[in-house]
Structures are given as C-alpha cells and as structure tokens.
Amino acid sequence: LNPQLHFHKENNSYELDDVGLLMPYHGPGVFLQFFDDETSISAEFVWGFELDLYDFPIEIFVDAGPSYKLDDPNALSLTSSFGVRYKF
25 LNPQLHFHKE
35 NNSYELDDVG
45 LLMPYHGPGV
55 FLQFFDDETS
65 ISAEFVWGFE
75 LDLYDFPIEI
85 FVDAGPSYKL
95 DDPNALSLTS
105 SFGVRYKF
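Residue numbers (our numbering): 25 to 112.
Check before you lean on any hint, since a few could be wrong.
Here are the simulated SDA-like cross-link-like pairs (lysine to any residue), alpha carbons at most 25 Å apart as the crow flies [to be verified]:
1) 93 x 39
2) 33 x 84
3) 33 x 94
4) 111 x 79
5) 33 x 95
6) 111 x 80
7) 33 x 55
8) 93 x 45
Note that these hints are calculated values from the structure, not bench results.
Can you build the whole structure from these sequences, using the hints too?
In structure tokens, the structure reads:
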C-alpha cells in the first residue's frame, strides 16, 4: 500500500503537440508492506513526471525518490515506480 500526496507543477509543464501534457510533480508518501511475520512502514519523498493524454482517460507516470524505513534506522533506500492511472 503506497499513499502519496502529489504537488503538480503546471507552470513547468510541457505540451506534446496533440498527444498530451507532460507535467512534473513531487510530494511525500508512506509505504506500507505487509508480510506473514512482519509489517514495515517507510516514509518517502518522490519526484516524477505525469503524461496526461488528451484523447484517452489515462495518465502515464514515472517517479523516484528516497525512502526511509521507520523501524530500521539503517534502511535508507531509493524507490521508483511507473504505471498508468485511469481517470473516471
């Protein structure tokens, strides 16, 4: 489970002709992992880009940033993700 709060930077966006709008974003998040014998909670901060397509109700995104595991003081790592969001 990975809830995040994104702050979009519309003034830094770039229009890709008739395809869509490429917009940067950043923001904090929480990363929750559930295993059979252990649960882990991490705090993270991501920077990313989102492509909002004009003719389709989807967004394509990619982001990355540091993640700090709260129950292990030596567990600083880099996280990344990419995917598709359906807008309804």
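Quiz prompt | Hints that the structure is at odds with (numbers, increasing) | solution = Per hint list: 1, 3, 5, 8 violated.
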